[in-house]
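Read top to bottom, the protein sequences are chains A and B.
Letter 284 of the first sequence, counting from 1, is numbered 536 in the numbering used here, and no numbers are missing.
Letter 200 of the second sequence, counting from 1, is numbered 452 in the numbering used here, and no numbers are missing.
Bear in mind the hints are in silico, worked out from the structure with no lab data behind them.
Just so you know, not all the hints are guaranteed correct.
It does not matter which identical chain is meant; a pair holds if it fits inside one copy or across any two.
Said to hold, decoys possible - Derived BS3-like pairs: lysine-lysine, alpha-carbon spacing no greater than 25 Å straight-line: (1) K333 / K394; (2) K281 / K465; (3) K510 / K464; (4) K510 / K394; (5) K281 / K464; (6) K426 / K394; (7) K333 / K510; (8) K394 / K474; (9) K510 / K465; (10) K426 / K464; (11) K333 / K578; (12) K426 / K510; (13) K578 / K281; (14) K474 / K578; (15) K474 / K333; (16) K474 / K281; (17) K333 / K281; (18) K394 / K465; (19) K426 / K333.
There are 2 protein chains.
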Amino acid sequence: MTPGPAPVHPDAVAAAVEPLPHHRAAEFKPRFAAVQQNLQAAFRTAGPVGVLASSGTGAVEAALTNLFAAGDRILVVASGKFGERWGEVAECFGMRVRSVPMSPGEVFGPDEMAEAIAAFRPVQGVVITASETSTGGALDVKALVRAARRVEPEVAIVVDAITAVGAMPVETDKWELDAVCGGSQKAFMVPPGLGFVACSPRGWDRVREARKKPRFYFDLRKYADRAADDQTPFTPATSLILELEAALRALDDAGGIKALEQNAARLARATRAAAAALGLDLLSADAPSSAVTAIRAPRSGMAPDIVAAMRQDHGVYVAGGQGELKPDIFRIGHLGYIDEVDLLGTLATLERVLSGLGHDLQLGTAVAAAAAELDSDG
Amino acid sequence: MTPGPAPVHPDAVAAAVEPLPHHRAAEFKPRFAAVQQNLQAAFRTAGPVGVLASSGTGAVEAALTNLFAAGDRILVVASGKFGERWGEVAECFGMRVRSVPMSPGEVFGPDEMAEAIAAFRPVQGVVITASETSTGGALDVKALVRAARRVEPEVAIVVDAITAVGAMPVETDKWELDAVCGGSQKAFMVPPGLGFVACSPRGWDRVREARKKPRFYFDLRKYADRAADDQTPFTPATSLILELEAALRALDDAGGIKALEQNAARLARATRAAAAALGLDLLSADAPSSAVTAIRAPRSGMAPDIVAAMRQDHGVYVAGGQGELKPDIFRIGHLGYIDEVDLLGTLATLERVLSGLGHDLQLGTAVAAAAAELDSDG
């Protein structure tokens, strides 16, 4: 029940032991084509989706180094640990970075975006983390992009959607996002090791423009060119791609990416209702993510005990806080192959653990609130 | 029987379906530590080995971008398709590249190296492909490094050992190689998706020197620092690492990396004896690799038919030639989990296929020559 690596789909596990086809063999092509097609649906784009043998960080580095050159001015909405990292990547490649730090739980809306851009003009790029795993906060990508472009019409937008894809809609083409990044280990229900980059037509134009942007392994032009022939430019992580094929086929059979997003949103609402019933605060109450819910422990210092007791006494893996949030919060993920029954069991266990740690509660309170929320929207 | 992706070890297949530990969980650390230890043995180094979620090309990019800065002069021994690629990577990052093209089968020895370095001084780096997969040729890394350093004592050496590790000894520390690159899908007997970079102490010093070298995802300093705590800096390809752990444990039980190198060398000698008995020439007769043997078809244009018949009529996968070598050669790999019985079966099948295609031979000739060679050294 962590916010990733998320549970691997059973069909993906089965695919992991298939005999490995050669990545240049004819039999691999239709399978990679099927993966491409399902990734296009997930990222809501008609163009190719770069499938990199890399972690999500590699995918974001690819987006930045393909869209921007040294000297470009990049605004990074640093909504948590990962937002901060993207500023470091851009700086590392000689870009001029302005980080807009957000306190955990703080809301960053269109007005704040317009103001931040205006104060840093001219701005060539903006990096937005759609769902910040470390705080459980979400950003309204569509509204932020509109606000940014009102001030700086030509600004290129990079969306870290690593945790967001499959938990909330991210419209690559419709919102004209220049690059949207994902990773295999989140809602895609396979192990880590694959990074994804989708671009709108406008994003691909920028990737292909003739500016000096040193990149080779992460050169997205190569991935797009080879994808047209259902191939990758370098040896792909073949087994992970077969696992992804199986997981995405299962997802398609179960209603596709929209059903997955709705599932995450329902589970997130139910989790928030449960927290409220227990008298617990959310870290990102004003703009909560559907991918992960960050809940404040009844008192500071108690969160690690909750996480440890859930894991050691009951075998339920929830995530602790990172860095300075460690004493205060724990996080429940809603990504991928997780259903209502998993969540209700987790919440019932949370009640027992909190009670055992001396928090005053009536057993069943959280579960009842969550169930009522689940029933309320059918 | 291709020169990679090589067969996946059965223990690695079994590990692929294990429940996935979280990559930051305590239970993952000893497993990553075991992988590190076995990789150190394979690369013959006491230092950390960078384990990247990437293909082998990513590993070579990491070596180049961590050792060299824009403007550095790099000599690339372009012994085939992959040698050529490393020149492109270096150029892409602003290095000044001199490529020494080798015709397929041509020998490049210490004299040629000394001459090439002298003609391009000052030279900051040399890139050597120890075993060139596309031609079946090997380079004498130790002798070439010595020759290069006689002319240019401070030159940094990058060895593409992607196909070489496990087929021939590559002494990272003893030969003071600055960076040695490998990939999971060759003699390591797991699927593609992991890149490796080992450095000698002198190589690590260069990686850490304070020159402007933009890299983030491939920043080897981060991998070394986190390896000290049995971790990776970014989300690793966890399932592939567990598979690698299992494959390397099996390798250790079977005599370790030296036994694997000896196996490859024996199979390569037997394959060469078989080719000679069939009256077929080798592409790289003067400096053949133990990783892969490239054999000339009886006549130009016939090689694709041999490869197709082996595969379609008998289910034996040998590799064809690449690019302009396609009509002329086919290649038999000796990497990893392949034994004498596999090879003899392949050679017997080759006899049948050649005979069916009209090549005049006595069935059993190649197998007998190979068996005699296998028996000759115990």
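Legend entry - Hint numbers not upheld by this structure, sorted from lowest to highest: 2, 3, 5, 7, 8, 9, 10, 18 and 19
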